[in-house]
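Q: So you can see what is in the structure, the chains are spelled out below.
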Amino acid sequence: MCLAIPAKLIRCEGDDGVVDLHGMQLPVNLQLTPGVRPGQWLLIHAGFSIETIDRADAVKTFALVKDLQDASCAGNGVQP
Amino acid sequence: MTRQAVLSPGITGDRRSAPPTGPYPADSVKKDLAELERIAAHIGRALSFMEVCGTHTMSAFRCGLAGVLPDNIRLISGPGCPVCVTSQADIDQIIAAAHMPDVILCTYGDMLRVPGSRGSLESARMAGADVRVVYSAMHAVTLAQSTTRQVIFAAVGFETTAPATAAAVMAARRLNLNNFSVLTSHKRIIPAMRALLSSAPVDAPCVDGFLAPGHVSVIIGTAAYLPIVRDFHKSCVIGGFEPPQIISALTQLAQLAGENKAELLNHYPEAVRPEGNLAAQQLLNTVFEPAAARWRGLGVIDQSGLILRMEYADFDARRRHQLCTPEDHEPRGCICGRVISGAAAPGECPLFGSACTPVNPIGPCMVSSEGTCSAWFKYLPNHVHPNRGWSNQEVCT
Ligand code: SF4
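From first to last, the protein sequence lines stand for chains P and W.
The numbering of the first sequence is the numbering used here, which starts it at 4 and goes up by one.
The numbering of the second sequence is the numbering used here, which starts it at 598 and goes up by one.
Derived by calculation from the structure, the hints in this document are not laboratory data.
Glycine included, each C-beta is placed from N, C-alpha and C at the ideal position.
It is possible that part of the hints are untrue.
What the hints assert, rightly or not - The calculated DSBU-like cross-link candidates involving lysine-lysine, where the alpha carbons are at most 35 Å apart (straight line), are:
hint : chain 1 : residue 1 : chain 2 : residue 2
1    : P       : Lys11     : W       : Lys975
2    : W       : Lys628    : W       : Lys858
3    : W       : Lys628    : W       : Lys975
4    : P       : Lys11     : W       : Lys628
5    : W       : Lys627    : W       : Lys975
6    : W       : Lys627    : P       : Lys11
7    : W       : Lys858    : W       : Lys627
Unchecked claim - Here's a subset of chain P near chain W, in silico, CB distances under 8 Å, partners left out:
hint : residue
8    : Ile13
9    : Cys15
10   : Glu16
11   : Gln34
12   : Pro37
13   : Val39
14   : Gln43
15   : Gly50
16   : Ile53
Please work from the sequences and hints to get the whole structure.
A: Rendered as structure tokens:
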């Protein structure tokens, strides 16, 4: 539950956005990162974007995130 | 734009090395480890550093860090797993709320299998309670708009997670929802770190510095750690989650400890700013206020929780549904409380790996995806820690 996942913002309207996470489109609430634009990379936690990051930094953490999620899903079934 | 690493103002000492900016070739990891070994050998005494973040716990165990660290450097897991630090009384209260008639209880997936004194949310659901896993607190608000039943959103978590709850409460207020409330046990990490340093259990290890949590720091900022550095003379290095970033942070912590210096360093500048996320902080301050909170293993810590302000008391599920506070009992034989404070390792629990496994968890540290017992079970060969010969007395010099 401490983990924030990098994803790319593909569209937004007000506080509601949609991010692309490995080809999946997920709704995200943008009110904690006002002013973000489509194309920017965001750290997503519990359905909210909490910070903007560089694409390079985002890509760097994908392997870790995927591995931790796989382990967590194998152990617990469901993740927030 | 990559942000620059920040050296805390007013704290003496120089930055030894630039934060890693990856990707990380094997050579660079080897170099960092060799540097850590050199420093550790030069210091010649045992050093314990504590991480207070469930993701650091899992990342460190996943990459086998314990097996490659120098013998006299230990990384202990502290109270960083939000599910694990939630008191048994709070868990029992959430399960009791799920059993109430005409209630839909929404929560994050990590909470589903946490054992209460009698059953879990999962078993409550099997017994007929309407328990739903949500990905975002806003989904619980949306659900409340579509039903006349009472929707309770139960959430635990540190400053990273609490803003989402605050946003849900504000949305429910805007929408005039009178069937939405929150049952939260949100926690603040800095008061817990202070409590560990000032009134830790007698058998807790001495902590020579902190690997500070990356994503909590995104919200609270680097400056929040200054009191730990100034008042307790303990270094805090905010670290990323990849193994080379953790090794780099530990190298820095070891060097500072060897020189008897305390500094605040940001090794995760790509996401963490000195001031943190101001929008999130403002939202938190609008909806919540700090209050004493009970932690598993650490007792009641002043100012370490977040409760709804009076203006938002209508959305407090405890008040609306007149929930009583159950007594606080640890599961019989479970030493999660000592594991959380760093006083004991999972391997010291007589139930570990026998009565208590991820399939049949007894305590939250085994069921949570970020719990230390879970990490030991999943990642350590034969569930044995390479440094198991260490005792806390040896660490406290
Ligand atoms: S092994 Fe199980 S019972 Fe023992 S401390 Fe960990 S979670 Fe509790």
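Q: Take the hints in turn and mark each one as holding or not.
A: Hint by hint, here is what the structure shows:
A C-alpha spacing of about 31 Å is found between Lys11 of chain P and Lys975 of chain W, which places the hinted pair at or below 35 Å, so the restraint holds. Note on Lys628 of chain W and Lys858 of chain W: the hinted pairing holds, with a Cα-Cα distance of about 23 Å set against a maximum of 35 Å. Between Lys628 of chain W and Lys975 of chain W the alpha-carbon distance is near 28 Å, which keeps this suggested pair within the 35 Å criterion. For a cut-off of 35 Å, the pair hint linking Lys11 of chain P to Lys628 of chain W stands: about 33 Å separates their Cα positions.
Of the supplied pair hints, the one linking Lys627 of chain W and Lys975 of chain W holds, its CA atoms being roughly 25 Å apart against a limit of 35 Å. Distance hint between Lys627 of chain W and Lys11 of chain P is fulfilled; the C-alpha atoms sit about 32 Å from each other, no more than 35 Å. About 26 Å separates the Cα atoms of Lys858 of chain W and Lys627 of chain W, which keeps this hinted pair within 35 Å; it holds. A least Cβ separation of about 18 Å between Ile13 of chain P and chain W goes past the 8 Å threshold, and the interface hint is therefore violated.
The interface hint given for Cys15 of chain P is broken, as the beta carbon of that residue sits about 15 Å from the closest beta carbon of chain W, more than 8 Å. Interface restraint check: Glu16 of chain P against chain W, minimum CB-CB distance 15 Å, threshold 8 Å, status violated. Restraint check, Gln34 of chain P versus chain W: the minimum CB separation of about 6 Å is within 8 Å; hint holds. Below 8 Å, beta-carbon pairs count as interface contacts, and Pro37 of chain P has one with chain W at about 6 Å; its hint therefore holds.
Because the beta carbon of Val39 of chain P sits about 11 Å from the nearest beta carbon in chain W, more than 8 Å, this interface hint is broken. Given the 8 Å rule on beta carbons, the hint for Gln43 of chain P is violated: about 11 Å separates it from the nearest Cβ of chain W. This hint holds: Gly50 of chain P has a C-beta 2 Å from the nearest C-beta of chain W, less than the 8 Å allowed. Interface restraint check for Ile53 of chain P: the shortest CB-CB distance to chain W comes to about 5 Å, inside 8 Å, so the restraint holds.
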